[in-house]
Amino acid sequence: MSPIDFVLTVIGYILIGIGAFCQIVAGMGMNRFPNFFVRLHAATIAAIGGSFVPIIGCSLLALSFEELGDVRFFLAGGGFVAAVFLLILAPVGSHLLAKAAYFSKAAVLQPKVVDALEEDIRKGEVHE
Amino acid sequence: MSELYELIPYLVLSITALVSTISVYLAIIEKDLIKAVLYSAIQSTFYALIFYLLMVPDIVLVYIPVSVGLLPAILIIAVKKTEKYEDVTGISKTTSTIILTLVVIFTLISGYLLLLSHAITFAIFPSTDVRTLARWFLNTTLWWNRMFSAMSPESVTAIVWDYRGLDTYFETSVMYLAIIGALALARYIEIPKKVFKEEAMGMSIIGKMATRIMVPMILIVAVSIALHGHLTPGGGFQGGVTAAVTVSLLIFIFSVYFAARFFKINTAILLRIIGLTGIILAATITLIIGFLTGQQAYIFQNQPKVIAQIGLPYEIGGNLISGTLLIFNTSEFLAVVMGFAILFLLLSIPEENVMEVIRGEVE
Numbered sequence: 001m002s003p004i005d006f007v008l009t010v011i012g013y014i015l016i017g018i019g020a021f022c023q024i025v026a027g028m029g030m031n032r033f034p035n036f037f038v039r040l041h042a043a044t045i046a047a048i049g050g051s052f053v054p055i056i057g058c059s060l061l062a063l064s065f066e067e068l069g070d071v072r073f074f075l076a077g078g079g080f081v082a083a084v085f086l087l088i089l090a091p092v093g094s095h096l097l098a099k100a101a102y103f104s105k106a107a108v109l110q111p112k113v114v115d116a117l118e119e120d121i122r123k124g125e126v127h128e
Numbered sequence: 001m002s003e004l005y006e007l008i009p010y011l012v013l014s015i016t017a018l019v020s021t022i023s024v025y026l027a028i029i030e031k032d033l034i035k036a037v038l039y040s041a042i043q044s045t046f047y048a049l050i051f052y053l054l055m056v057p058d059i060v061l062v063y064i065p066v067s068v069g070l071l072p073a074i075l076i077i078a079v080k081k082t083e084k085y086e087d088v089t090g091i092s093k094t095t096s097t098i099i100l101t102l103v104v105i106f107t108l109i110s111g112y113l114l115l116l117s118h119a120i121t122f123a124i125f126p127s128t129d130v131r132t133l134a135r136w137f138l139n140t141t142l143w144w145n146r147m148f149s150a151m152s153p154e155s156v157t158a159i160v161w162d163y164r165g166l167d168t169y170f171e172t173s174v175m176y177l178a179i180i181g182a183l184a185l186a187r188y189i190e191i192p193k194k195v196f197k198e199e200a201m202g203m204s205i206i207g208k209m210a211t212r213i214m215v216p217m218i219l220i221v222a223v224s225i226a227l228h229g230h231l232t233p234g235g236g237f238q239g240g241v242t243a244a245v246t247v248s249l250l251i252f253i254f255s256v257y258f259a260a261r262f263f264k265i266n267t268a269i270l271l272r273i274i275g276l277t278g279i280i281l282a283a284t285i286t287l288i289i290g291f292l293t294g295q296q297a298y299i300f301q302n303q304p305k306v307i308a309q310i311g312l313p314y315e316i317g318g319n320l321i322s323g324t325l326l327i328f329n330t331s332e333f334l335a336v337v338m339g340f341a342i343l344f345l346l347l348s349i350p351e352e353n354v355m356e357v358i359r360g361e362v363e
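Going down the list, the sequences are from chains A and B.
Just so we're aligned, residue 1 is where the first sequence starts under my numbering, counting upward by one.
Just so we're aligned, residue 1 is where the second sequence starts under my numbering, counting upward by one.
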């Protein structure tokens with residue numbers, strides 16, 4: 001195993017470990033956070049930290065695994081593309097969910113510390 | 001004596017089915033939720049036994065840890081965290097006795113009928129001959145002898161469009177008829193003509209931008225799934241459904257008026273008919289060639305057979321195209337995309353317009 005491959009393998013395993021940690025944290029957040037919007041934050045942690053990061057790690061692992069031959073480039077390429085898709089789409093999904101839940105008043109905002117959007121609506125800067 | 005021996009699995013089957021039905025009933029009427037979870041676990045155990053008797057050991061291996069171990073554990077944790085007793089007023093005792101009696105009678109009768117229907121042949125369990133057939137299909141989908149082969153490495157597509165082509169043709173017709181039915185129901189209803197305004201309609205600009213990036217990529221993946229249908233898992237229907245996602249994205253993220261710019265319903269119907277014509281053409285192309293050259297041929301014939309020597313080329317310039325399979329996949333892709341586009345557009349017409357048309361017809 002060449003030094004570059006060794007480094008790639010180690011980075012890949014570290015990224016997968018970070019992913020597992022993020023999944024556990026996100027699960028705890030989903031269980032304990034008080035309302036919809038902060039739980040959505042936990043779900044986005046699961047999507048980015050728990051899916052995007054380990055997929056990058058898996059791609060690096062595949063890239064460094066020479067026994068696969070040329071197939072490893074296909075595997076790694078597919079992994080990177082899927083990770084970029086996730087990186088683009090997961091925040092968009094969370095944003096749309098939060099917006100829909102806020103304006104349809106389906107989710108109760110309780111306990112509330114500060115609501116900047118509500119103040120902006122009151123001032124007339126933002127319209128539904 | 002051997003017949004009696006063969007009856008034993010049926011007896012065990014009926015008894016297990018009965019016991020699992022009873023435990024389901026007990027799980028439903030039990031007020032103590034922990035006990036209800038245990039009853040449900042008992043039912044899962046007996047289901048696992050049934051699966052084993054029906055010769056699916058791989059499913060048993062998944063089923064036992066998940067539904068006997070994992071699921072009750074999670075449910076018990078959930079019950080511990082919430083309330084232990086169900087506080088809704090349940091079914092009264094006489095009703096429950098009646099229901100239990102009915103369930104038992106139903107199970108006995110259906111089990112008896114099952115036993116009777118299979119007692120003649122003793123053939124409920126899959127015989128080993130089926131596996132020989134499967135092995136034959138798997139080994140000959142891409143073979144040196146074109147007479148016995150579909151010349152496609154993807155055995156599912158080969159079976160769907162070559163060995164069992166007529167089945168798939170009728171499945172496609174069923175979907176065609178369903179969409180014709182939807183169009184007939186909505187025959188005077190049209191998408192209202194409104195100009196799409198970027199700021200006023202649809203979701204936020206973030207969602208719109210992400211959709212603009214994603215839609216071409218989804219289309220590329222869909223076309224690739226359809227065109228590689230004879231090489232990799234997938235095919236015309238799968239690719240078509242993937243491409244239909246873009247239509248629903250356009251409708252939900254932007255607006256139906258935005259989607260109607262790209263997909264006129266009449267154009268979609270026309271393209272769908274073109275796709276279906278392609279399917280019919282691919283099904284009869286060997287027959288047409290045989291008719292013109294005066295040789296024998298069949299419908300849904302792909303490669304030459306022993307007494308029908310006409311076949312389509314299975315490769316062009318070294319690229320495997322598997323004869324008719326490529327034409328089938330492309331046409332099915334077109335037909336399925338346009339079918340789903342029509343359905344999505346029809347479903348997203350505002351209700352006021354539909355009601356207007358209905359009132360206008362009645363008056």
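Keep in mind that the hints are not guaranteed to be accurate.
As the list claims (entries may be wrong) - With a Cα cut of at most 25 angstroms, we get these calculated DSS-like pairs of lysine-lysine:
(1) A:Lys99 <-> A:Lys123
(2) B:Lys81 <-> B:Lys35
(3) B:Lys31 <-> B:Lys80
(4) A:Lys112 <-> A:Lys99
(5) B:Lys208 <-> A:Lys99
(6) B:Lys264 <-> B:Lys197
(7) A:Lys105 <-> B:Lys81
(8) B:Lys197 <-> A:Lys99
(9) B:Lys197 <-> B:Lys208
None of these hints come from the bench; they were simulated from the model.
Structure-based check of each hint:
Annotation: proposed proximity of A:Lys99 to A:Lys123 holds, straight-line Cα distance about 19 angstroms (limit 25 angstroms). For the given pair, B:Lys81 sits about 16 angstroms from B:Lys35 by alpha-carbon distance, which is consistent with the 25 angstroms threshold. Taking the CA atoms of B:Lys31 and B:Lys80, the gap is about 14 angstroms. The hint holds against a cut of 25 angstroms. Distance restraint check for A:Lys112 and A:Lys99: the Cα-Cα separation of roughly 16 angstroms lies within the 25 angstroms cut-off, and the hinted pair is therefore satisfied.
Under the criterion of a C-alpha separation no larger than 25 angstroms, the hint pairing B:Lys208 with A:Lys99 is consistent with the structure, at around 14 angstroms. Between B:Lys264 and B:Lys197 the alpha-carbon distance is near 19 angstroms, which keeps this suggested pair within the 25 angstroms criterion. The suggested pairing of A:Lys105 with B:Lys81 is violated, with an alpha-carbon distance near 28 angstroms, which exceeds 25 angstroms. For the proposed pair B:Lys197 and A:Lys99, the alpha carbon gap of about 20 angstroms is at most 25 angstroms, so the pair holds.
With a C-alpha separation of about 13 angstroms, the suggested pairing of B:Lys197 with B:Lys208 holds against the 25 angstroms cut-off.
Violated hint for the displayed structure: number 7, the only one.
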